[in-house]
Amino acid sequence: MAAGHTEKDSANQKLQFAPFCSALEAGFWHQLTQKKLNDYRLDESPKSIKGYYYNGDPAGLPTRLTLEFSAFDATGPTPARCCPALGTLYNMNTFEAFKSCDKKALLEKEANEIWEAVRSEKVLEDPSLLSKFLLLTFADLKKYHFYYWFCFPALCFTEGIQVVEQPVTLEEKFSPKQIAALQVSYDALCSDIGTTAIPYFLVKYTEEAVLVSPLKDWDTFFQGQKKVTVAVYDPCTLSQHPGWPLRNLLVLIATKWGSAVDAVEVLCFRDQTLQGKRSILHSIMLQIRLPELSQTAGCPKSVGWEKNQKGAMGPRMVNLSECMDPKRLAESSVDLNLKLMRWRLVPSLDLDKVVSTRCLLLGAGTLGCNVARTLMGWGVRHITFVDNAKISYSNPVRQPLYEFEDCLSGGKPKALAAVDRLKKIFPGVVAEGHNMSIPMPGHPVNFSGATMEQARRDVEQLESLISAHDVVFLLMDTRESRWLPTVIAASQRKLVVNAALGFDTFVVMRHGLKKPKHTESGGSTPSSASSTPASGSASDSASASSSSTPAGSALVPGSSLFSNIPGHRLGCYFCNDVVAPGDSTRDRTLDQQCTVSRPGLAMIAGALAVELMVSILQHPEGGYAIASSSDDRMNEPPTSLGLAPHQIRGFLSRFDNVLPASLAFDKCTACSPIVLENYERDGFQFLSKVFNSSHSFLEDLTGLTLLHQETQAAECQARNYLTIRPQPNLANPVGYWPRECIEKYKYISALVQLVRLYGSLVFPRGVSAL
Amino acid sequence: MMSGERAEGAEGCFLDEETFRRCCDHFLQRSQALHDGWSWEQVKGTEEGYMKKTVLGTGRVNISTAQDGHPRAGEVMDAVGDQGQVDDLGDEDTPVPAEGSSVIRFEYHVLYSCSYQTPVLYFRASTLDGRPLSLEDVWDQVHPNYRQRLLQGPWDTITQQEHPLIGQPFFFLHPCRTADFMRPLLQVAHAENRKLNYIVSWLSVVGPVVGLDVPLTYCEPLGSPALPLWHLTDHCLTLPPAGAWQTLHSKGCLNPTAFDHHLISFSFTWM
Ligand SMILES: [Zn+2]
Numbered sequence: 001m002a003a004g005h006t007e008k009d010s011a012n013q014k015l016q017f018a019p020f021c022s023a024l025e026a027g028f029w030h031q032l033t034q035k036k037l038n039d040y041r042l043d044e045s046p047k048s049i050k051g052y053y054y055n056g057d058p059a060g061l062p063t064r065l066t067l068e069f070s071a072f073d074a075t076g077p078t079p080a081r082c083c084p085a086l087g088t089l090y091n092m093n094t095f096e097a098f099k100s101c102d103k104k105a106l107l108e109k110e111a112n113e114i115w116e117a118v119r120s121e122k123v124l125e126d127p128s129l130l131s132k133f134l135l136l137t138f139a140d141l142k143k144y145h146f147y148y149w150f151c152f153p154a155l156c157f158t159e160g161i162q163v164v165e166q167p168v169t170l171e172e173k174f175s176p177k178q179i180a181a182l183q184v185s186y187d188a189l190c191s192d193i194g195t196t197a198i199p200y201f202l203v204k205y206t207e208e209a210v211l212v213s214p215l216k217d218w219d220t221f222f223q224g225q226k227k228v229t230v231a232v233y234d235p236c237t238l239s240q241h242p243g244w245p246l247r248n249l250l251v252l253i254a255t256k257w258g259s260a261v262d263a264v265e266v267l268c269f270r271d272q273t274l275q276g277k278r279s280i281l282h283s284i285m286l287q288i289r290l291p292e293l294s295q296t297a298g299c300p301k302s303v304g305w306e307k308n309q310k311g312a313m314g315p316r317m318v319n320l321s322e323c324m325d326p327k328r329l330a331e332s333s334v335d336l337n338l339k340l341m342r343w344r345l346v347p348s349l350d351l352d353k354v355v356s357t358r359c360l361l362l363g364a365g366t367l368g369c370n371v372a373r374t375l376m377g378w379g380v381r382h383i384t385f386v387d388n389a390k391i392s393y394s395n396p397v398r399q400p401l402y403e404f405e406d407c408l409s410g411g412k413p414k415a416l417a418a419v420d421r422l423k424k425i426f427p428g429v430v431a432e433g434h435n436m437s438i439p440m441p442g443h444p445v446n447f448s449g450a451t452m453e454q455a456r457r458d459v460e461q462l463e464s465l466i467s468a469h470d471v472v473f474l475l476m477d478t479r480e481s482r483w484l485p486t487v488i489a490a491s492q493r494k495l496v497v498n499a500a501l502g503f504d505t506f507v508v509m510r511h512g513l514k515k516p517k518h519t520e521s522g523g524s525t526p527s528s529a530s531s532t533p534a535s536g537s538a539s540d541s542a543s544a545s546s547s548s549t550p551a552g553s554a555l556v557p558g559s560s561l562f563s564n565i566p567g568h569r570l571g572c573y574f575c576n577d578v579v580a581p582g583d584s585t586r587d588r589t590l591d592q593q594c595t596v597s598r599p600g601l602a603m604i605a606g607a608l609a610v611e612l613m614v615s616i617l618q619h620p621e622g623g624y625a626i627a628s629s630s631d632d633r634m635n636e637p638p639t640s641l642g643l644a645p646h647q648i649r650g651f652l653s654r655f656d657n658v659l660p661a662s663l664a665f666d667k668c669t670a671c672s673p674i675v676l677e678n679y680e681r682d683g684f685q686f687l688s689k690v691f692n693s694s695h696s697f698l699e700d701l702t703g704l705t706l707l708h709q710e711t712q713a714a715e716c717q718a719r720n721y722l723t724i725r726p727q728p729n730l731a732n733p734v735g736y737w738p739r740e741c742i743e744k745y746k747y748i749s750a751l752v753q754l755v756r757l758y759g760s761l762v763f764p765r766g767v768s769a770l
Numbered sequence: 001m002m003s004g005e006r007a008e009g010a011e012g013c014f015l016d017e018e019t020f021r022r023c024c025d026h027f028l029q030r031s032q033a034l035h036d037g038w039s040w041e042q043v044k045g046t047e048e049g050y051m052k053k054t055v056l057g058t059g060r061v062n063i064s065t066a067q068d069g070h071p072r073a074g075e076v077m078d079a080v081g082d083q084g085q086v087d088d089l090g091d092e093d094t095p096v097p098a099e100g101s102s103v104i105r106f107e108y109h110v111l112y113s114c115s116y117q118t119p120v121l122y123f124r125a126s127t128l129d130g131r132p133l134s135l136e137d138v139w140d141q142v143h144p145n146y147r148q149r150l151l152q153g154p155w156d157t158i159t160q161q162e163h164p165l166i167g168q169p170f171f172f173l174h175p176c177r178t179a180d181f182m183r184p185l186l187q188v189a190h191a192e193n194r195k196l197n198y199i200v201s202w203l204s205v206v207g208p209v210v211g212l213d214v215p216l217t218y219c220e221p222l223g224s225p226a227l228p229l230w231h232l233t234d235h236c237l238t239l240p241p242a243g244a245w246q247t248l249h250s251k252g253c254l255n256p257t258a259f260d261h262h263l264i265s266f267s268f269t270w271m
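Read top to bottom, the protein sequences are chains A and B. Take the first sequence: its position 323, counting from 1, is numbered 323 in full-length UniProt numbering, and each next residue is one higher. Take the second sequence: its position 161, counting from 1, is numbered 161 in full-length UniProt numbering, and each next residue is one higher.
Everything labelled a hint here was simulated from the structure, so no lab data went into it. Certain hints may be false.
[Claimed, not checked] Looking from chain A toward chain B, a few residues come up when the C-beta cut is under 7 Å (computed):
| hint | residue |
| --- | --- |
| 1 | 30 |
| 2 | 141 |
| 3 | 144 |
| 4 | 320 |
| 5 | 326 |
| 6 | 330 |
| 7 | 334 |
A virtual CB, placed ideally from N, CA and C, is assigned to each residue, including glycine.
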């Protein structure tokens, strides 16, 4: 464009001005919101505001009028070396009012005021009256959308302004001496006036000296000169064009002194400091001829409404929900925290995998509450609770999603109250709650047609819930209630994370994830209890040779019974049991021993359950990941977050955790092939038999009954054996166990005896690492 | 006069509020002389305040990406613009449309943190319509060559936080590492018996990480003779002067790995 001008005959050229571009500091909208809420409310009357412009921008930046959050303090200070611009704010109450507001009339009203100021010579005392602006706004504080339209009123010469000579830079026009003199004179005028920027001033120069003076001293300063030089503090950075503030000045000059001067030279004063170096060399000089403008004629035509981002005449809108809507702010802050964690671990941490995981929490008690909170910490958005209990007075102190109020009048259902609280903690969560019970083995449902029907519906709902989620957390306080979801999730190939508490011990484990149904082959069936641990291990992985036991020799300390068990061969919660769930008189196991745990235990176990899930999700094979053991603590971790264990067993009394891994048991009452086959073939018919029968039904079905008989004798011998040998203890356990013992009594039964002797804890893998 | 005088051991890394104010006063005097744009912002009706600087640059990202799922300004506005009221107010006297959509405005605030007894840096970037950029948008502005280095630097200590004095969301460089890099600086200054303005030294380390340039000329009247920070390579820091980086960068020969320090400073291509 500039090049085009230079080729034209300069006599035909009209001066063009770079319009102001509105520039708003983020804080401006925050402050407008505060003003609207606290001061203006429904008041639409015009308000005085204040902006500023600057003449020190590097090339390439648009000519701006800036409004900061301090804009509402019209009498406040202006930033150093900036010129103030006074404005009028019209904040409308409705979008309709904003739209229908008569923009033309607003502009004309403002233009008239400028015209009056020009005629009355008030501008000579206060030149900032020439650079006023209008701001029309509508703040949609429900959506945090702000509609706005700026107007920078400029009075026009009908026929334009003629350019006499091409603009040149100050460097081309002035000698270094003159430039230095101008700078000194300008600074001196600033300090005389007591300011750091002067919007308009007058200039006189010779080869030797440059003088400057305020606008109001025109007559005495120029003393009838026919050719005058006026300077404008110019916010524009274009080399061929002045910025907007010159427009109204030229109107003033034409009106007041137009008949007295022949030619006007304009200094567009630009004053930049880069890297500590100040320069005014790039200021430009214009030679123009002003048309006459009669004072007695009416106000000239005016322009000034700002174009929008599309270059059309229209308002702008800015959506600030992300930084003002508390809900969005919470979401972005949570996301940011997690992203920062990812950036630190870049690029391996796959956060999306975690955040998008849909989690089903069966149980909304101490474990459920803590699991939910840790999931929220990881940014998990989709959390569903299932529980049938109501909140009781003892709950809130241990269950961090509930409060005293929730216990009143019988107590709120936990599943629903938990959802409410999650949404209060973080409105971005997608949470739902189901107040329902889970049918259990040995807890008959066949009292009536209605109870059968209810059980059928509960089963169906549980099936569809499990199907709609990616990870199932078993967090109930009874053993039996874990059976049905274990079976359904195993059948649906869903990752199950299980947590159970004793008084000061806990287990957190992932259930083995069966191979996808269509690829399942004969070789993938869970290992038989009759196979020796050594052979089972060796057949799993050829690379496990170092940890497999040489045949016939005793297990040496540090060797492992099981190494490198792939995810599909890992056991479930019931795999280590030799009795079916449902029997509450025999063999109280972990979650039945005691209903009271040390209070910190649920938090530890709940947190570990989630962290286990996250680590498994980060593993490229997910639930099929080979189980890490305590032995792997020194090795290269399989995921960016570390190990992917099968189980974490914790002993709070010793403040210690071990990482056992165990194989799926082919006689397991929950995940063995025969149970899954029956469930998948007969569905509810099979399940109802389990609910309605005693534990012997499942034990007969899986072959456990037979195993019991075989191991009766073994148990006695194992007891004897254990008393003969140096008494094994936690620090010196199976490592010294002779191989014959394991072979003779079969692996599983030996461990079962250990469980009985040591209080219901099975740690076939972890102990070798102790 | 400056905090460097009491640089001794770990305590020397900390700054009391009075010294902070003194350092700021001095810094602001220098800024005024250098026209560097820093100002003191007093919070109305309180004794509290902070140092502030605004920097403009042109971005190279599509700024509207952060508004996914929300109406874009232009689309919503069509209906309003077609009222006919102002269509005839067009103006032939404008040379070029003033388009500010690619301009990004950076605000830097330096505050005193009582709990850490150090200065802290708050910043935000926004478009000219006042919409703040997400940290990811800001991150997108970082030249890919530098990202990896920055990851190991103080980027991991950036969080989103409400500005304690004005209550608006800002990004915040957590001061937990401040002592780590200030300690050797102050020790060297102490050993060489040089005076050091804590704010100048601190800001010249943390500023470049978020695109804030602190000209070396800030050091000049303080040191005797003037020793720029990057002369302290033997001791701990490899901080070339900002100008040197820009020169190297413009010549296309800047290889971040050549400067082996976790606080390697540059950074933003728009600067
Ligand atoms: Zn099982």
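Comparing the hints with the structure gives:
1. With a least beta-carbon distance of about 5 Å to chain B, the hint placing residue 30 (chain A) at the interface is held under the 7 Å criterion.
2. For residue 141 (chain A), the interface hint is violated, since its Cβ never comes within 7 Å of a Cβ in chain B; the closest pair sits about 15 Å apart.
3. About 10 Å separates the beta-carbon of residue 144 (chain A) from the nearest beta-carbon of chain B, more than 7 Å, and the hint is not met.
4. Hint status for residue 320 (chain A): holds, given a least beta-carbon distance of 6 Å to chain B, under 7 Å.
5. The restraint placing residue 326 (chain A) at the interface with chain B is violated, with a minimum CB-CB distance near 10 Å, outside the 7 Å limit.
6. Against a cut-off of 7 Å between C-beta atoms, the interface hint on residue 330 (chain A) is violated, since the closest Cβ of chain B lies about 10 Å away.
7. The interface hint given for residue 334 (chain A) is broken, as the beta carbon of that residue sits about 10 Å from the closest beta carbon of chain B, more than 7 Å.
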